[in-house]
Amino acid sequence: MEELKKVAEKFAIEGGIVEIKPLGNGLINDTYKVVTGEGTPDYVLQRINNAIFTDVDLLQSNIEAVTSHIRAKLEAAGEKDIDRKVLKFVPEKDGSKTYVLEDGKYWRVSVFINDADTFEAVNPEYSEYAGEAFGDFEAKLADIDATLGETIPDFHNMELRLRQLAEAVKADMAGRLNAEGSEELKAILADIDANAEDMCLAEQLHCQGKLPKRICHCDTKVNNMMFDKDGSILCVIDLDTVMPSYVFSDFGDFLRTAANPVAEDSPEIDKVDFDMEIFKAFSKGYIRGTKPFLTPLEKSCLPYAACLFPFMQAVRFFADYINGDTYYKIKYPEHNLVRTRNQMKLFHSALAKVPQMAQWIESL
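Residue numbers (our numbering): 19 to 382.
No wet-lab data here; the hints were simulated from the structure. Watch out, some of these pointers could steer you wrong.
Within a straight-line C-alpha distance of at most 25 Å, the following computed BS3-like cross-link-like pairs (lysine-lysine) qualify [what the hints assert, rightly or not]:
| hint | residue 1 | residue 2 |
| --- | --- | --- |
| 1 | K115 | K28 |
| 2 | K123 | K111 |
| 3 | K103 | K309 |
| 4 | K39 | K24 |
Sequences and hints are given; from them, build the entire structure.
Laid out in structure tokens, this is it:
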């Protein structure tokens with residue numbers, strides 16, 4: 019408590035600190051609620067994981083640019099209760115930065131949004147909410163003047179992920195590709211190779227000047243939205259991954275997890291299936307939210323995006339398995355292989371439903 023209080027007091031917060039307690043269950047950053055006295059706001063104190071986000075200055079610069087732009091949009095529209103509809107970060111007491119470095123750790127503080135909830139439920143209703151919220155988030159940022167950087171460079175670059183797999187195969191550091199019983203691995207590799215060119219469509223279109231990069235959230239989960247007590251959406255949260263990307267990132271990444279009825283590491287491969295009801299609900303909300311800017315080409319490629327992300331994740335899991343499990347945490351030796359099987363099954367399930375997806379998208 020005293021160490022956290024010492025950090026929190028470096029920021030220009032109002033009121034005296036009464037209590038600091040853990041908040042949420044995030045996997046990347048350590049997060050705490052800072053409770054102050056009556057009549058002053060409460061705050062969120064968060065340690066930034068600079069092992070993942072190595073350029074903290076760029077990270078916070080992106081977030082400040084995005085929240086300032088959205089705040090200006092809300093003010094121009096005459097919105098009320100704006101501090102509950104966009105995150106507000108607090109500067110340090112002795113400067114203008116919205117983060118401090120203390121004992122080798124980076125920290126930031128934002129104003130706590132009262133009387134708001136997040137939800138974990140993945141069903142058609144909340145999927146449609148998510149689609150509209152993330153689509154509207156992109157729409158508000160479509161005309162941002164600030165230049166944002168990539169907080170995780172090449173995060174969703176399919177060509178890069180395939181090059182990384184090729185390097186893993188060439189090195190075969192764990193000797194798995196030439197081990198007894200490696201026929202399955204070679205079959206997976208052949209399956210990936212057969213679909214690789216088609217799955218690099220985004221990079222191809224971008225190189226041809228047909229596909230722009232937008233400012234995207236890049237971590238589109240249901241629980242990254244805050245709801246008011248009346249059920250209305252307040253704002254999108256967890257902005258660390260906000261950066262330039264293709265709209266496919268926000269669309270496909272949500273569906274990769276939400277449209278799979280089992281977890282990405284479930285060994286029950288027969289239960290993996292691409293849920294069209296989740297797809298229909300999310301895309302309905304997303305297209306409504308992105309109506310101000312989405313181009314016909316971007317819209318027509320949304321079924322591709324739904325296939326791209328399980329394929330990309332399968333490639334990443336498979337490369338890690340071949341490398342000897344050096345990146346993703348595993349619970350047993352074949353964990354990454356199970357993940358690969360799961361995601362390739364989801365990819366093929368989505369691929370088979372592209373005509374249905376295209377028909378639905380066209381109808382919206």
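Numbers of unmet hints, in rising order: none
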